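K.L.:
Here is what each chain is made of, one letter per residue.
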Amino acid sequence: MKEFWKGAVKLAQTLWYEELQTCVICGDEGDLVCPTCTTDYLHPELGRCRSCGKLLLNEKTNCLDCEAGRGPKHLDQVTAWGHYSGGLRDLIQNVKFEARPRRLKEIARPFTNWAISQLPAVDGVMAVPMHASRLAERGFNQAEVLASAIHWELGLPIIEGVERSEATPPQMLLSRYDRLHNLKGAFIVREPRSIIGRTVWLVDDVTTTGATLEAVAEVLRSSGAKAIYGLCLAAGMEKILVPLGD
Amino acid sequence: MHFFLTLNKDGSVGFSPFQERINQDSKVTSYLCAPLSYATIQAIQEQLQQRDPFGFWDKGFSRKDPKHQILKILKGFGWNASDLTWKENSPSLEFGQDSLEDEDQAHEKDKEVEKAFNRLTMGRQLSMGDLRRLARQLKSQDEDIKKLAQFNVEQGSATWVPAVKPVGNGWQCQRCGEREVEEWPSQYEMAATCRSCESIGPSTSLGVLYRDVRSLLEGPSEVIFQPHWELTEAQRIASEQVFEFIKDPCQETALLWAACGAGKTEVCFPSAAWALKEGKSVLFAAPRQDVINDVAPRLQRDFPDYPLQVLTGTSSVKFQGGGMVLATTHQVLRFWRAFDVIFMDEMDAFPYQGSRALEWGLKHALRQGGKILYLTATPSSEGLKAVKQGKMQLIRLPARHHRTSLPVPMWEKSRHTIAPNGCTGAWVSQIKSLRIQGPVLMFVPKISWIDPWIKCIQRCFPSWCVDGSYSADPERSSKIERLRQGEFDLFVSTTILERGVTLPGIQVVVLEADHPVFDERALVQMAGRVGRTRECPAGSVLFLSARMTPAMRTAVRWIEEQNRLAMELGLIDA
Ligand SMILES: [Zn+2]
Ligand SMILES: [Zn+2]
Ligand SMILES: [Zn+2]
Numbered sequence: 001m002k003e004f005w006k007g008a009v010k011l012a013q014t015l016w017y018e019e020l021q022t023c024v025i026c027g028d029e030g031d032l033v034c035p036t037c038t039t040d041y042l043h044p045e046l047g048r049c050r051s052c053g054k055l056l057l058n059e060k061t062n063c064l065d066c067e068a069g070r071g072p073k074h075l076d077q078v079t080a081w082g083h084y085s086g087g088l089r090d091l092i093q094n095v096k097f098e099a100r101p102r103r104l105k106e107i108a109r110p111f112t113n114w115a116i117s118q119l120p121a122v123d124g125v126m127a128v129p130m131h132a133s134r135l136a137e138r139g140f141n142q143a144e145v146l147a148s149a150i151h152w153e154l155g156l157p158i159i160e161g162v163e164r165s166e167a168t169p170p171q172m173l174l175s176r177y178d179r180l181h182n183l184k185g186a187f188i189v190r191e192p193r194s195i196i197g198r199t200v201w202l203v204d205d206v207t208t209t210g211a212t213l214e215a216v217a218e219v220l221r222s223s224g225a226k227a228i229y230g231l232c233l234a235a236g237m238e239k240i241l242v243p244l245g246d
Numbered sequence: 247m248h249f250f251l252t253l254n255k256d257g258s259v260g261f262s263p264f265q266e267r268i269n270q271d272s273k274v275t276s277y278l279c280a281p282l283s284y285a286t287i288q289a290i291q292e293q294l295q296q297r298d299p300f301g302f303w304d305k306g307f308s309r310k311d312p313k314h315q316i317l318k319i320l321k322g323f324g325w326n327a328s329d330l331t332w333k334e335n336s337p338s339l340e341f342g343q344d345s346l347e348d349e350d351q352a353h354e355k356d357k358e359v360e361k362a363f364n365r366l367t368m369g370r371q372l373s374m375g376d377l378r379r380l381a382r383q384l385k386s387q388d389e390d391i392k393k394l395a396q397f398n399v400e401q402g403s404a405t406w407v408p409a410v411k412p413v414g415n416g417w418q419c420q421r422c423g424e425r426e427v428e429e430w431p432s433q434y435e436m437a438a439t440c441r442s443c444e445s446i447g448p449s450t451s452l453g454v455l456y457r458d459v460r461s462l463l464e465g466p467s468e469v470i471f472q473p474h475w476e477l478t479e480a481q482r483i484a485s486e487q488v489f490e491f492i493k494d495p496c497q498e499t500a501l502l503w504a505a506c507g508a509g510k511t512e513v514c515f516p517s518a519a520w521a522l523k524e525g526k527s528v529l530f531a532a533p534r535q536d537v538i539n540d541v542a543p544r545l546q547r548d549f550p551d552y553p554l555q556v557l558t559g560t561s562s563v564k565f566q567g568g569g570m571v572l573a574t575t576h577q578v579l580r581f582w583r584a585f586d587v588i589f590m591d592e593m594d595a596f597p598y599q600g601s602r603a604l605e606w607g608l609k610h611a612l613r614q615g616g617k618i619l620y621l622t623a624t625p626s627s628e629g630l631k632a633v634k635q636g637k638m639q640l641i642r643l644p645a646r647h648h649r650t651s652l653p654v655p656m657w658e659k660s661r662h663t664i665a666p667n668g669c670t671g672a673w674v675s676q677i678k679s680l681r682i683q684g685p686v687l688m689f690v691p692k693i694s695w696i697d698p699w700i701k702c703i704q705r706c707f708p709s710w711c712v713d714g715s716y717s718a719d720p721e722r723s724s725k726i727e728r729l730r731q732g733e734f735d736l737f738v739s740t741t742i743l744e745r746g747v748t749l750p751g752i753q754v755v756v757l758e759a760d761h762p763v764f765d766e767r768a769l770v771q772m773a774g775r776v777g778r779t780r781e782c783p784a785g786s787v788l789f790l791s792a793r794m795t796p797a798m799r800t801a802v803r804w805i806e807e808q809n810r811l812a813m814e815l816g817l818i819d820a
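Protein chains in written order, with our numbering: chain A, 1 to 246; chain B, 247 to 820.
Hints are computed from structural coordinates only; laboratory data are not their basis. Don't take every hint at face value.
In silico DMTMM-like links for lysine to aspartate or glutamate, alpha-carbon gap of 25 Å or less [to be verified]:
(1) K96(A) to E444(B)
(2) K637(B) to E766(B)
(3) K411(B) to E98(A)
(4) K96(A) to E424(B)
(5) K692(B) to E29(A)
(6) K411(B) to E137(A)
(7) K96(A) to E426(B)
(8) K333(B) to E137(A)
(9) K96(A) to E766(B)
(10) K355(B) to E464(B)
(11) K333(B) to E98(A)
(12) K523(B) to E476(B)
(13) K393(B) to E98(A)
(14) K96(A) to E429(B)
(15) K96(A) to D388(B)
(16) K355(B) to D388(B)
(17) K393(B) to E137(A)
Just so we're clear, the structure is a prediction, and the values are computed from it rather than from any experiment.
Let the hints inform the model, and build the full structure from the sequences given.
P.N.:
Written out as structure tokens, the structure is:
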């Protein structure tokens, strides 16, 4: 399976530099990610909440939820490439619901560059696993495709050994409380040997509350992982609180 | 949607989308726990068939283990043995079918849903996404709709088909026929996504199509046909020929070649009425949405009580029953052997890529022994060739209702290249004289010319009201409305206008008529804008260019030919 991707990526890499360069998000001619999409969706100038990856509009290091202790606790840091909105959201939904995993390969390089600039070096990269029945329906796990893209770009080994034990309702449809409790027991470590003492980037496509990353991080931690960093394509943005009174 | 492969008591290889049902099925001895795509199931069945065309399962000749064979095939597709485990089936008989009868009310509702499902899926080819949408429309669960679909498959009134299927060394989308697909490595094997028909939802090798093979209509019925118009002499002749064609069991396709503005659509209405009464289903198809939008109200008016399904664009429309459908290209792909009669309007005016999908769609939407009538003002060379070879019948409609001949384009040779840099050409005075006859519609070959030409004409004729538009112009509809009201002296446009837009007294100029974007069809259509009303039945068409192209020559020849035929048949007054 991984071999397949490698071949496919190689093919895509040789093809795309000869072809006309178009923006991977909006399709306009020019850069790999055009300046408009960079400004509108990636917001490289904004900080990310260290605990949950949310984009922050102020100078703080954590969002209010995480400051109040309502965020993930087993991750050393989380970062997201961009804001889950507009063209970036369309891209991710197109990949997942219209069976276009190849589009993820196109963003491999800028996404990996962002990861290197934000996160410390690690022993390997791991994808948030998907349940077998959903995998059969969709045919691919977008998180795995992203992990293999990073593997290909950086030569980082892929670490496996965690499984998703049951199909849980999609996180998007649940309330914040339910999201955090929906995932109890959802992930199981099959091979603790591949995890003990390791440092990993834990990859997923979208994070909203950080609950999925947290659930995986929890079982990794209990299997002896040394450091766990969450890495996502997109995250939410912290809402600006308008101060009352003066 | 995925399926489980089953080994049955009688030695056959079957499948079911429902694991829990397999557990209750006493015919199944064991099944494969890994969920498979329908494409894979089909490939396994085909390969087993090839290895043993005589069906050794039944006769027990072979000592080969079917499980072993199946695993070998799957490994060939790229599967790992560790992902494939068999489960022995020991159905528990406690859950008999009788237990379902308990709740009467729920049962009643199920019956309603089943009836509606069957009424709305006859003759359809639906993706999983379509079925899910149908489930929402029927206020039912996805699983229940899937069960109804699977039941019909088991009864033989429908089949499952892999949405994208491996064919030879490549793939083919079974919904639109496209062979150039986007391939990607799925978890277990190579997969492919079709981009050509993605506008009506994804089609992939992991997905499945539900193909219902029943006819849209169950038999003859009462149909009220009240035409609100009277056919002209020319239309009456053509209409009779269309009727003969529809009834003739020997002819499959015919071409109705009509003059621009001669009213070719109405010519088909009496035949459509006859077909519906006979229990034959009818499709009006067109590549462009504006054509459908033009025809729909006229059909509705003349068939006052008949349920008309109008499916346009890419928007998801409500599922509806009935034997008469109006649809644009991609919507046709949602039907399977559904129609006895197809009226295909302006197929060759199809301006975008994807006409291959349209052809595939038409072919598969037609029932066995069904008929296609192509309606056009500008036949394709393939169409004319088929007529010449006797493969297709030709029906002509050469005259407009007002019995005046079609305006024949005049060519004004330009010595200089035509560019909007000051109106120095001698033809400026000709535009001026055209304006005396009526408002002028000026066609240009590129969007970038619209603004400079508006300015240029404005400079030459400061008192004129001048504007212009292109197809993606956000203000297009309001401008077209003002044009129709006669508010402009001159209007610059890149495309032939939407169907159904009639401009009284309009005169036409085509700038750089030798430009490659202007083929003979575009030229005939643009010229066809002139003289469409009874009040202003004549007018002028001017082609301006440095050269005379074959396309221009053909366009003029076609128009002259229509006039000659109309004259011969006494359909126009000299
Ligand atoms: Zn862009
Ligand atoms: Zn946070
Ligand atoms: Zn297709």
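K.L.:
Are the hints correct? Go through all of them and say.
P.N.:
Taking the hints in turn, this is what the structure says about them:
1. K96(A) to E444(B): Roughly 14 Å between the alpha carbons, so the hint for K96(A) and E444(B) holds.
2. K637(B) to E766(B): 24 Å, holds
3. K411(B) to E98(A): Holds: K411(B) and E98(A) sit about 17 Å apart, inside 25 Å.
4. K96(A) to E424(B): 22 Å, holds
5. K692(B) to E29(A): At roughly 21 Å apart (the allowed maximum being 25 Å), E29(A) and K692(B) satisfy the hint.
6. K411(B) to E137(A): 16 Å, holds
7. K96(A) to E426(B): At roughly 21 Å apart (the allowed maximum being 25 Å), E426(B) and K96(A) satisfy the hint.
8. K333(B) to E137(A): 20 Å, holds
9. K96(A) to E766(B): Status violated; Cα separation ~44 Å.
10. K355(B) to E464(B): 24 Å, holds
11. K333(B) to E98(A): Violated, at about 32 Å.
12. K523(B) to E476(B): 21 Å, holds
13. K393(B) to E98(A): Holds - the C-alpha atoms of E98(A) and K393(B) are around 24 Å apart, at most 25 Å.
14. K96(A) to E429(B): 15 Å, holds
15. K96(A) to D388(B): 19 Å, holds
16. K355(B) to D388(B): 15 Å, holds
17. K393(B) to E137(A): 17 Å, holds
Against the hints set out earlier in the document, violations occur for numbers 9, 11.
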